[in-house]
Amino acid sequence: MPKVIGLTGGIASGKSTVSDILTVYGFKVVDADKASRQAVEKGSKGLKQIIETFGEEALDDNGEMDRAYMGELVFNYPEKRLELNAIVHPIVREIMERDKEQLLKEGHNVIMDIPLLFENDLQHTVDEVWVVYTSESIQIERLMQRNDLSIEDARARVYSQIAIDKKSRMADHVIDNLGDKLELKQNVERLLEEEGYIEKPYYSDTNN
1 MPKVIGLTGG
11 IASGKSTVSD
21 ILTVYGFKVV
31 DADKASRQAV
41 EKGSKGLKQI
51 IETFGEEALD
61 DNGEMDRAYM
71 GELVFNYPEK
81 RLELNAIVHP
91 IVREIMERDK
101 EQLLKEGHNV
111 IMDIPLLFEN
121 DLQHTVDEVW
131 VVYTSESIQI
141 ERLMQRNDLS
151 IEDARARVYS
161 QIAIDKKSRM
171 ADHVIDNLGD
181 KLELKQNVER
191 LLEEEGYIEK
201 PYYSDTNN
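Read in order, the letters of the sequence shown correspond to residues 1 to 208 in UniProt numbering.
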């Protein structure tokens, strides 16, 4: 019977890399970030509601949602974040639920890639939760490099989420991403082997 696995972690913990590895082994990924973009794309009911709530300032020159403007707004004004979430989250859940049901019907194991799975109390919507773990210091360092942020801004984004250590304690399985990409791939393969998804990781020594 196909399984639904919730994949989560902290910001810049390496979750997208793990998703990419899992697709190689036949898992189908339903991505919350992609669904979020779909929910507010040009001409969507989500974008229409955003304009009604936040005004034309929410649009960029191309008539799409101005992500930089909205990001700054919701990051500095928590009440605005709640208003935006009230519009976007129900549409995102609808898109993801539809995609998940279709993939299950086709017999696939499904990864629900949800960055804020615990923050939004969605663990009950999946069979298991897998957390991609790295240290807060690595998260901050990666964020500074990836998004060209100051240390203060990077810390603010990391600390706006539930601590990665706490998420790890709440997970069914933890995927260690304290090392490089090869180590991460090996850690994912080891978990897949232990859980019976693959017979033997490709990196294993065939002579043993």
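Just so you know, these hints were derived from the structure itself, not from any lab.
We put the beta carbon where it would ideally sit given N, CA and C, even for glycine.
There could be a bad hint or two in this list.
[Unchecked claim] Just the calculated beta-carbon pair ranges, DEER-fashion:
hint: 1; residue 1: G55; residue 2: S135; range: 38 to 44 Å
hint: 2; residue 1: N147; residue 2: R81; range: 25 to 31 Å
hint: 3; residue 1: L82; residue 2: D153; range: 19 to 25 Å
hint: 4; residue 1: D153; residue 2: G55; range: 39 to 45 Å
hint: 5; residue 1: D61; residue 2: D165; range: 38 to 44 Å
hint: 6; residue 1: K80; residue 2: G196; range: 41 to 47 Å
hint: 7; residue 1: G63; residue 2: D121; range: 31 to 37 Å
Going back to the hint list, which numbers does this structure go against?
-> As far as the earlier hints go, 2 and 4 are violated by this structure, in ascending order.
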